[in-house]
Each structure stands twice: as structure tokens, then as C-alpha cells.
Amino acid sequence: MNIIQLRKLFYEEVAKCNKCGFCLPSCPLYYVQKVESASPRGMNAITRAVIEGRLKWSPEIERSIFSCLGCGACTVACFPSVKTREMVFQDRECLVHEGLYPKVVDRLASYIQENHNISDEDNEERGDWREFLKDLPENNLEKDHAEVIYFVGCVSSFFPMAQKIPANMARIMERCRVDFTILGGEEWCCGFPLIGAGVPENIKALMDHNLEKVKEVGAKKIVFTCPSCYHIWKTFYEPDVEILSSSELLQQLLLEHPVSLKEINATVTYHDPCDLGRNSGVFEPPREVLKAIPGIHLVELPNNRQLAMCCGGGGNLEMVDPELSGKVAQIKIEEILKTGADMVVSSCQQCLRTISTRARRQKIDLVVKDLTDLVAEAIPTL
Amino acid sequence: MDTQELIDRIKKIVEPDYVLSSEMDLTLYSYDASLERDRPEVVVLPSSTEEVSGVVALAYREKIPVVARGSGTNLSGGTIPTKGGIVVHFSRMNRILEIDIPNRTVTVEPGVITLDLQNHLLNQGLVYAPDPASQKVSTLGGNLGENSGGPHCLKYGVTTNHVLGAEVVLYDGTVVWTGGKSQDHPGYDLTGLLVGSEGTLGLVTKIILKILRAPEAIKTILALYDTIEDASNTVSAIIAEGIVPATLEMMDNLIMTAVEESIHAGYPLDAAAVLIIELDGMSDGMDRQARKILEVCKRHHVREIQLAKDDAERERLWAGRKGAFGAVARLRPSYMVCDGTVARTKLPQVLSRVLETGKKYGVLIGNVFHAGDGNLHPLILFDERDEAELERVRKAASEILKICADAGGTISGEHGIGVEKIKEMPLIFSDSDLEAMRQVKRAFDPEDILNPGKILPGTLGVPQNG
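From first to last, the protein sequence lines are chains A and B. Counting from 28, one number per residue, gives the positions in the first sequence under the numbering used here. Counting from 485, one number per residue, gives the positions in the second sequence under the numbering used here.
These aren't lab readings, by the way, just hints derived from the structure by calculation. Take these hints with a grain of salt, some might be off.
What the hints assert, rightly or not - Partial pick of chain A residues on the chain B-facing surface, computed with a CB cut under 10 Å: (1) K61; (2) P107; (3) E315.
What the hints assert, rightly or not - In silico EDC-like links for lysine to aspartate or glutamate, alpha-carbon gap of 16 Å or less: (4) B:K776 / B:E725; (5) A:K240 / A:E269; (6) A:K43 / B:D870; (7) B:K782 / B:D870; (8) B:K806 / B:D867; (9) A:K248 / A:E174; (10) A:K61 / B:E499; (11) A:K83 / B:E507; (12) A:K248 / A:E269; (13) A:K161 / A:D133; (14) A:K43 / B:D867; (15) A:K61 / B:D501; (16) B:K830 / B:D714; (17) A:K43 / B:E868.
Every value quoted in this text rests on a predicted model; they were computed, and no experiment measured them. Ideal Cβ positions, reconstructed from N, Cα and C, are used throughout, including at glycine.
With the hints as constraints, model all of the structure from the sequences given.
This is how it looks when you write it as C-alpha cells:
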């Protein structure tokens with residue numbers, strides 16, 4: 028991507044920004060940093076100034092553009108709905124082209140190229156979270172053919188703090204007799220981290236591989252606990268099968284297999300993950316699942332659904348600038364604490380990691396759970 | 485002093501991370517929500533009055549312009565550093581310092597977002613009345629500088645009616661207080677002078693605002709008309725009946741059509757105008773007032789009336805008005821909001837001349853505005869990148885202000901003069917009027933370092949900066 032291509036793709040779009048500033052209060056980054064370069068209006072202005080030749084790519088621009096959380100809250104607040112998030116991702120491609128990018132991008136791209144995942148681990152270890160499932164009588168989660176593929180995603184596969192999520196998701200599906208399989212070492216990164224990092228060139232190979240596997244398994248549905256994988260599959264992959272987030276599948280299962288759920292007496296608040304809620308439009312299924320658990324009292328965050336505030340873990344910020352990501356998580360935590368809820372539930376391994384890591388480091392007593400954790404607790408025989 | 489030395493000196497006053505001078509940062513502080521653009525030499529984000537004072541004192545010694553900035557939402561170029569210098573961005577000074585319920589006052593720093601204060605107060609059953617359309621992002625310091633209005637200012641008055649006092653950094657860095665918590669302060673009303681001065685007389689670092697008890701009841705009425713004239717006459721007639729609604733807003737056909745296409749508010753596409761009338765206050769007597777308003781509407785050939793029965797219906801009636809800017813923003817890439825005020829009785833003739841002006845210059849103009857105040861907001865839609873069209877827009881905007889002035893009105897209702905309307909100042913002020921204002925400016929800012937080049941046409945007769 029270079030400036031000529033950027034102009035072709037986004038000059039009309041960025042010209043729609045009237046600099047009214049209505050996006051400023053919706054942007055968690057601006058809230059934390061309080062400078063124009065952290066604001067969506069500022070990022071639009073950078074893009075436009077570069078396209079018009081008034082500004083040259085620079086290390087300062089790199090810092091600003093690579094800090095965007097990609098949460099999309101600005102577009103919701105924007106009268107003409109300027110697609111700042113999409114523009115920022117293209118800006119990143121230009122910056123990479125100019126050699127201006129955080130070093131972590133090279134590492135990420137090489138891990139994905141070599142290991143087909145975002146970690147330094149061998150992709151064969153993707154299914155290691157199955158160790159959590161020793162209590163299950165049947166432990167064969169990799170089948171040649173199944174009706175549903177569970178696409179676990181890199182973070183839940185390789186980061187210990189999130190591995191409970193696939194374990195619980197698998198337990199719930201076993202209990203509800205879902206004919207499902209995971210792809211194990213044949214599941215490759217969905218490609219989303221490459222788009223966020225401005226190096227999307229290799230995404231095609233990942234997509235082709237994953238789509239081929241879906242064909243081999245003959246699945247009719249793919250379910251995702253990771254909202255970013257879900258979002259990218261829905262937006263880019265266009266497979267000939269049904270795409271479901273975990274919350275949508277859980278909602279279906281609870282309707283089709285009315286199990287008497289255990290009572291959990293707790294006041295919970297729900298955090299909408301950006302890629303599941305605002306960016307994919309899944310707002311109600313997780314709430315319906317929560318309401319189906321007896322004893323759960325749901326209180327909404329002041330900023331919910333379309334207006335939900337990012338946890339700080341979006342747009343690769345945690346990799347690029349963990350301290351800044353933590354500061355965003357802090358304001359999320361403060362918003363959660365004000366609700367008086369006993370716990371915050373989300374439907375995303377990244378939100379769970381970002382929020383609970385910040386809470387732990389700041390010694391804040393906060394219970395953070397994934398929707399799958401809570402449902403697994405409520406299902407009697409698990 | 486060269487720029488680098490200036491930056492180094494400022495970094496001794498304000499934390500270096502909050503002193504910005506990269507090409508990127510200077511570009512990003514070169515705009516506001518108007519069409520103007522100019523770059524500063526350095527941007528500072530102070531955290532205290534002492535830091536603001538230190539920066540201004542340095543600027544005074546070195547004769548460098550200082551421009552105060554809130555969220556940069558202003559629509560007349562008031563925060564554009566047209567003569568370079570230092571932009572002081574108040575985003576870090578955003579604390580609500582005190583809510584004094586018995587005295588009905590609140591003390592804030594200038595960077596507090598207007599809606600944040602309003603939400604904070606509403607939790608305690610209190611309100612800060614001025615509600616500019618940009619309230620969710622505008623700052624109270626900016627509201628003070630521009631003397632901002634908003635729909636509710638019809639009944640409650642504009643920002644100046646709600647500012648009781650302020651801590652101000654003067655041209656040489658001296659910190660003074662004007663006004664205070666009492667309602668009637670002796671001595672010169674310097675607070676009144678500061679409100680609307682667009683940062684040309686001093687930099688406000690603390691503000692004492694008046695707060696009110698939240699109204700007990702609200703009633704919202706939507707009235708559709710076949711002619712703009714009938715809608716406009718209704719506006720004057722309601723006020724003539726002795727009723728002052730909390731808001732009295734109007735939208736014309738172009739805006740309604742755009743709204744209908746984008747959010748389906750339920751407006752008939754062939755209606756010429758819609759009024760949104762809202763009453764607030766004690767519930768006793770409100771029904772009687774509403775009935776009177778309905779009678780007035782009928783007398784002026786209203787086509788259809790809707791009365792909100794509950795909060796959800798009220799939201800629905802307001803949805804079109806609140807979504808108006810969003811809807812028109814989709815029609816063309818850029819828009820310019822003109823801001824002029826005329827006597828309510830002049831609305832029909834002025835609105836028709838505004839539409840003629842649009843035709844004359846071949847630009848699209850819609851009207852969505854505070855009809856109760858006679859505060860017009862003709863919205864000109866265009867593409868900023870088309871220089872020929874931009875020129876026509878500037879001419880049309882200037883002519884619209886002249887129409888307002890010719891009708892005995894003014895050239896600003898709530899958006900200030902900034903850079904954009906300086907050339908129209910002589911339309912409403914005589915040479916002596918303007919000279920009186922220049923004398924005030926000279927008294928407050930003898931070296932012309934505080935937001936120079938704004939509001940007043942002509943030279944100040946002081947050493948020029950730049």
C-alpha cells in the first residue's frame with residue numbers, strides 16, 4: 028500500500044470528516060491520552076494531510092496510527108460514519124511500506140508465517156488446553172468429519188489464562204451432544220492480527236488453508252469463542268457454512284436442549300467485545316444466555332452495545348504498547364466497578380485477559396469471566 | 485527567541501510529554517470545526533493554573549501569541565492560531581472541583597466536557613442549563629469563550645446567564661478572580677466581559693457556574709406545517725401568548741427529507757417545516773399551557789400535531805432533530821453552519837431570502853435551528869475540496885449574515901466571530917462601537933498576544949505579532 032493507493036481507496040471517505048470532534052468522547056485512547064493525535068479526528072486529519080501531501084509519514088505518525096484500538100466506537104459517534112478504523116489499518120500498511128512500524132510486527136508476521144499462529148509455539152500444540160478436560164470420559168475432540176467445527180483461535184489455544192474458555196466451550200458442547208470437532212494443528216491463524224498489523228499480504232494462504240479444512244470436515248457450522256476470528260470469517264472468508272459466535276450457539280443450545288441450569292446468585296454486568304458487538308452486530312445473544320441462568324441479575328454498563336468502550340486489548344495495542352493498553356483497561360474497570368456488579372462477563376478471551384491482567388496488577392478485586400465459564404458452571408453435570 | 489528555545493523554556497514549565505511540536509502535532513492543532521486552518525509553533529497541555537500562568541508570562545515577555553483551546557469544536561475559527569504561537573489545549577484541566585448544592589453553584593476547570601457536568605449533576609436532580617449541540621464534546625471553557633447557546637437557551641438564557649465567576653490568567657501571567665458565588669458582585673462585571681471574548685482577554689482556568697433544580701415535568705409537541713410562514717408565525721405567536729417553552733426548534737423540508745431517508749422519523753416528505761416544542765417546569769399548569777400551544781398551532785394552519793405520551797415517544801419526537809446533522813452530513817462531504825439571529829417576527833422573510841441566496845450561488849441550503857430565539861442555522865452543503873464551490877459557499881454565508889443584519893438582527897447567535905465573521909462586524913457595529921471594543925482589548929491585552937487576529941476588524945494600534 029502506498030499513498031496513491033490510499034488516496035484511491037480512502038480520499039472520498041476521509042473528506043467526509045468535518046472535524047466536528049463528536050468522535051472525541053467516544054475514543055478510549057483520547058480519553059486516556061488527551062491529545063489530538065490520539066483522537067479519531069486526529070487520525071482522519073493525518074490520513075488526509077498525508078494524502079494531500081501536507082504531511083509526511085513519520086515516527087510520530089507511526090506511534091499514533093499503531094495506537095488505535097480499532098474498536099470502531101468513533102464511526103458510531105460520527106454523523107457521516109467515517110470509517111476511521113478501516114483507514115487506520117490501511118495507514119498501517121503504508122507505514123509498513125515506509126519501514127515505519129513497531130518491531131513486534133516483524134515478530135508477529137514471522138510467527139504466523141512459520142508456526143501459523145501468533146505465538147512462538149509449534150502449531151501442533153494448539154490443542155494443549157485439552158489437558159483441562161481430563162474429567163471428560165470421551166476426550167477425542169479431533170474428528171475427521173463433524174457437523175460443527177469449533178475454531179478455537181490463537182489466544183485461547185496458546186495463552187494459559189484463556190485456555191479455560193475452549194475447555195468450557197468443549198464441555199458445554201459435549202453435554203449438549205453437539206457433533207463437533209476442533210482442527211488442532213490444522214487450525215491456522217485466521218489472519219486478523221496481520222490486518223491489524225498492516226501486513227495482510229499473507230492472509231490469503233491462511234484463509235485458503237482454513238477453508239480447505241472446513242470442506243474436508245464437511246461441517247455445516249463453524250463456532251468461534253474469539254470475536255476477532257468470528258469477525259474476520261464473517262467479513263473476509265465468506266464460507267458456504269453458518270458462522271456462529273459462541274454466544275449465538277449457546278443461545279441455540281439452551282433453546283433446543285432445555286437443561287435445568289443451576290442457580291447462580293450474582294449481579295453481573297456484560298462487556299460487549301468490540302469485534303463481536305459493534306463490529307459484528309451480536310448484542311442480544313450473550314444477554315439472552317445470561318438471562319437464561321437462574322439467579323443472574325444483569326445490570327448494564329453505562330456505555331453498552333453500540334456505545335461499549337473497548338477494554339484496551341483491541342487493534343494489537345497490547346503488543347505495541349502494553350502500558351497504554353493497561354491505562355485503557357483501567358477506565359474500563361472503573362466503569363465496571365461503578366455498576367456495583369459482582370462480576371463482569373464478556374465473550375472474548377482478549378477482553379478477559381486485558382481486564383483481568385490490569386485488575387490483578389492494580390490489586391483490584393474484580394471477577395472477570397467469559398460467558399462460557401458461567402454457562403459451564405450452571406450446567407449441572409459439568 | 486527561536487522556536488526551539490521557546491519549546492525548551494515551556495518544557496521547564498509544563499511536563500515535557502505535554503509540550504508538542506512535531507510536524508504531525510502542529511498539523512493536528514491547525515484546525516477546528518470551521519473551514520479555517522493555520523499552524524501554531526508549539527502546543528501545550530497544562531495541568532494547573534500555575535502552569536498556564538507560567539506559559540502566558542513567558543509568552544508576554546517574548547511577545548508570542550497564545551491561543552486557548554478546548555475540544556476544537558468551534559465553528560468560526562476562534563481557536564485557529566492565525567498568527568502562530570502557542571496553543572494551550574485544556575484537555576488535562578478537566579476536573580469538577582466543587583458542587584455546592586445549598587448555593588446552587590458548581591466550580592469546574594475549563595476542560596470539563598459540558599455533558600459530563602450535566603450527567604454528573606442530573607444524578608443529583610440538578611441541571612446546568614446551556615446545552616449546545618456539541619455538548620457531548622464541547623468544554624465549559626470553550627462554552628464560556630464562545631458564549632454558547634443551545635435549544636434550552638430560549639427559556640434559560642445562554643452561557644453568560646449561567647457564569648457567576650472565573651479565575652483568569654491575564655496577559656502577563658497574573659492570576660485574578662472575577663465575580664464569585666454571590667449573584668450580585670460589586671465592581672465592574674469583568675466576568676460578563678470575559679464570556680464570549682473568545683480567549684482574547686484572558687485564559688480562564690476555573691469557572692463558577694450556576695446550577696438549577698431539574699424540572700419536575702416535561703411535555704414535548706411536534707407540529708408539521710405546509711408552509712414555512714405558518715410555522716414561523718406559530719413561533720412568534722406562542723411567545724406572544726406569554727408562554728416561553730424550554731425549546732422551540734424548527735427544521736425545513738430539505739432537512740426533514742434527509743432525516744427521513746436516514747432515520748425514518750415519520751415525517752411527511754411534502755411538509756414544508758416541522759416545529760419541536762418542549763415545555764418544562766412544574767407539572768401544575770403544564771397541560772393548560774400545552775392546550776394553549778395547540779390552539780396557537782391550529783390558528784396557524786398546522787397540518788398535524790403529535791404529543792409525546794411518555795419518555796419513549798419524547799425520544800422518538802426528538803430523534804429527527806437530533807439526527808438532523810447526521811442526516812444532512814450524508815448528502816455532501818462538507819457542511820458549513822451559518823449562525824445569525826433575527827427578531828422572531830422576521831423569520832418568514834429572512835428564511836425565504838436565505839433560500840434565495842442558496843439558489844443564487846447554486847449551493848444546497850437546509851435550515852435546522854433555534855426558532856424560538858430567532859437564531860438561524862442555515863446549513864450549506866458542499867465539497868470543501870472544490871475550490872470554486874467553496875468560494876461560492878463563503879459568498880453565500882457572508883450574504884446570509886448581511887440578510888440577518890439588514891433585518892435588524894446580528895451576525896452570531898452562539899458560534900462567535902472568530903476569524904470567519906470579522907469582515908461582517910461592520911455590518912452591525914459602527915466605527916465607534918468597534919473602537920470601544922478595541923479599547924477594552926488594549927486594556928486587557930496591551931501587547932495583543934491573547935488570541936490575536938480574532939473578533940475585531942482593523943488594527944489595534946499595538947505592536948503586531950506574527
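Okay, the hints, checked on the actual structure:
Interface hint status for K61 of chain A: upheld, as the beta-carbon distance to the closest one in chain B is roughly 4 Å, under 10 Å. Evaluation of the P107 of chain A hint against chain B yields a held restraint, the C-beta minimum of about 4 Å falling below 10 Å. For E315 of chain A, the suggested interface contact is broken, since its CB lies about 22 Å from the closest CB of chain B, more than 10 Å. Pair hint K776 of chain B plus E725 of chain B holds up; C-alpha atoms about 8 Å apart against a cutoff of 16 Å.
Restraint check for K240 of chain A and E269 of chain A: satisfied, since their Cα atoms lie roughly 15 Å apart, inside the 16 Å limit. Restraint check for K43 of chain A and D870 of chain B: satisfied, since their Cα atoms lie roughly 13 Å apart, inside the 16 Å limit. Proximity of K782 of chain B to D870 of chain B is assessed by CA-CA distance (about 45 Å); at most 16 Å being required, the pair is judged violated. Only pairs whose Cα atoms come within 16 Å are accepted, and K806 of chain B paired with D867 of chain B is rejected, the gap being roughly 23 Å.
At most 16 Å may separate the alpha-carbon atoms for a hinted pair to count; K248 of chain A and E174 of chain A meet this at roughly 6 Å. The suggested pairing of K61 of chain A with E499 of chain B holds, with an alpha-carbon distance near 14 Å, which does not exceed 16 Å. Between the alpha carbons of K83 of chain A and E507 of chain B the distance comes to roughly 9 Å, so the proposed pair stays at or under 16 Å and holds. Restraint check for K248 of chain A and E269 of chain A: the C-alpha separation of about 5 Å stays at or below 16 Å, so the hint holds.
At roughly 37 Å between alpha-carbon atoms, K161 of chain A and D133 of chain A are farther apart than 16 Å, so this suggested pair is violated. For the proposed pair K43 of chain A and D867 of chain B, the alpha carbon gap of about 9 Å is at most 16 Å, so the pair holds. Simply put, K61 of chain A and D501 of chain B have alpha-carbon atoms about 12 Å apart, close enough for the 16 Å limit, and the pair holds. With a C-alpha separation of about 13 Å, the suggested pair K830 of chain B and D714 of chain B falls inside the 16 Å cut-off, and the hint holds.
At roughly 9 Å between alpha-carbon atoms, K43 of chain A and E868 of chain B fall within 16 Å of each other, so this suggested pair holds.
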